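One-letter residues, chain by chain:
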Amino acid sequence: DARVTQTPRHKVTEMGQEVTMRCQPILGHNTVFWYRQTMMQGLELLAYFRNRAPLDDSGMPKDRFSAEMPDATLATLKIQPSEPRDSAVYFCASGLTGSGYGYTFGSGTRLTVV
Amino acid sequence: SQQGEEDPQALSIQEGENATMNCSYKTSINNLQWYRQNSGRGLVHLILIRSNEREKHSGRLRVTLDTSKKSSSLLITASRAADTASYFCATDKKGGSEKLVFGKGTKLTVNP
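Going down the list, the protein sequences come from chains F and P.
Quick note, our numbering runs 110 ahead of the 1-based positions in the first sequence.
Quick note, our numbering runs 306 ahead of the 1-based positions in the second sequence.
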């Protein structure tokens, strides 16, 4: 089965450090989402791309977060500088618009900022 | 803010019983999707129902959609211990470029 690959699976970093999370979407999918999951807030949509173009990043704190899709095989989410409140699980999901098959999620990156 | 809200927040049943989870949403949608998440894992897509559909089945899953009440339900029949997971509804708002927004989920525990 095709899968969405996220790296790293776990990341522990000190406050103030830059964090980069990577996602390899499924080949042929044209839509990529980034979500953050915490117990308190649930699943929050941070950003999403269609055909590599950013469509909406209104859920992302712009001063420290950035999301890019340099090519069709890679999406990145960066936090600089990181803060303890950024500790969460970050998920990437990809899918094909209008296919009716929903989206495939990666296993997530569990980020801990100390 | 969350578009979809699941109810109940938690549900505990015995193996073999049916489990029903509900989802309410606020605005018109193109489609509504249900996902499952096992502890510590990513979400898995279960079923998608379009706004012009009223009911859909997939194996032991049955999803209904009532657009007049802006609500959906997910029924799992003859539940198994392996169905223990959190279940989320997600909505694709009409005119929203297929932006998928999730509710906070229902935590289902199926006791053997």
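Calculated from the structure, these hints are not laboratory results.
Every value quoted in this text rests on a predicted model; they were computed, and no experiment measured them.
One or more of the hints may lead you astray.
Computed Cβ-Cβ distance ranges for the label pairs, DEER-style [as the list claims (entries may be wrong)]:
| hint | chain 1 | residue 1 | chain 2 | residue 2 | range |
| --- | --- | --- | --- | --- | --- |
| 1 | P | Asp372 | F | Ser176 | 38 to 44 Å |
| 2 | F | Pro164 | P | Thr333 | 43 to 49 Å |
| 3 | P | Glu321 | F | Arg162 | 25 to 31 Å |
| 4 | F | Asp173 | P | Ala316 | 34 to 40 Å |
| 5 | F | Pro164 | P | Asn417 | 41 to 47 Å |
| 6 | F | Ala163 | P | Lys400 | 29 to 35 Å |
Glycine residues also receive a C-beta, built at the ideal position from the N, C-alpha and C atoms.
Verification of the supplied hints:
A hinted range of 38 to 44 Å holds for the C-beta pair aspartate 372(P) and serine 176(F), which are about 40 Å apart. For the hinted restraint 43 to 49 Å between proline 164(F) and threonine 333(P), the CB-CB distance of approximately 23 Å leaves it violated. At roughly 46 Å, the beta carbons of glutamate 321(P) and arginine 162(F) sit outside the given window of 25 to 31 Å. For the hinted restraint 34 to 40 Å between aspartate 173(F) and alanine 316(P), the CB-CB distance of approximately 36 Å keeps it satisfied.
Our hint of 41 to 47 Å for proline 164(F) and asparagine 417(P) holds, since their Cβ atoms are close to 45 Å apart. Remark: the range hint 29 to 35 Å for alanine 163(F) to lysine 400(P) is contradicted by a beta-carbon distance near 21 Å.
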